[in-house]
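Asker: Per full-length UniProt numbering, the very first residue in the sequence shown carries number 1; after that it's consecutive.
Source of the hints: derived by calculation from the structure; they are not laboratory data.
Any given hint might turn out to be false.
Distance condition first, Cα-Cα at most 27 Å in a straight line; then the derived DSS-like pairs of lysine-lysine [unchecked claim]:
#1 82 to 38
#2 88 to 11
#3 38 to 11
#4 88 to 122
#5 38 to 122
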Amino acid sequence: LARLIQLSDQKRNTVSISPELQAGIGVVQVVVRFDDAKGENRAYRWLGVIFSRYAIPDSYYPGQDAASAGYCGSDGSIVHVKDRMSDKYIDGNSPYENGEIVIAEVNMHSEREQRTLHFFAKGHWQPISFVGLPDRIKFCVQRYFRMTTATVVQMLQLPAPTAVSDVPNARVIPW
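Construct all of the structure, not just a fragment, from the sequences and the given hints.
Answerer: In C-alpha cells form, the structure reads like this:
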C-alpha cells in the first residue's frame, strides 16, 4: 500500500500495509499522512497494527478487538479491546489532523515481552504505548469518508529504537 483513497462514503475501510513484520526483524517505522481531498477536516483517521494473519472484516477499525491496536486522529484515543474490558478508549495521546505526519514504530524483538509499539504525532512521542505484540504483525490504516486518503510516506527499518523513555505521563499497555 502506498496510498489508500476512500471511494465510498461513510464506510469503514481498514487495510493492512505490507510487508508482514515478524518477531526478530528489529525496529521498523511507518510514516503516514492522512489527507482530505475536499479540504475539510473530516475525522476517522486511524493508524495501528494488526496481527498479520487476521482477516479484516467489513466495517472494522483498528483496535476494536484483541487482534489489533489503533490510534485515532480525531481525539487521540488509543483502542485495543480485550475480553471483558470495561473501557476500550485509552486517553492520553494527542489528536492529529489531516495533512500532518504520524508515525508508528515497532520493535519486533525476538522475545514477546520486549516487542513494543509507539506513536509519534505533533512533533512528539506520544505517552500511550504497547508491549507484548504478537509475533507477526502489519501496520494498518483506516478511512471512512469519500475522497479521504492515507499515504505511506516512508517505511524503514532502523538500527535501534528512536522512541524515548522520558515521555511525560507515559503509560505502557500490555497487548
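Asker: Taking the hints in turn, state whether each one holds.
Answerer: How the hints compare with the structure:
1. 82 to 38: Since the Cα atoms of residue 82 and residue 38 sit roughly 36 Å apart, the hinted pair is violated (cutoff 27 Å).
2. 88 to 11: Satisfied, since the Cα-Cα distance of roughly 21 Å is no more than 27 Å.
3. 38 to 11: 17 Å, holds
4. 88 to 122: 24 Å, holds
5. 38 to 122: 22 Å, holds
The structure shown violates just one earlier hint, number 1.
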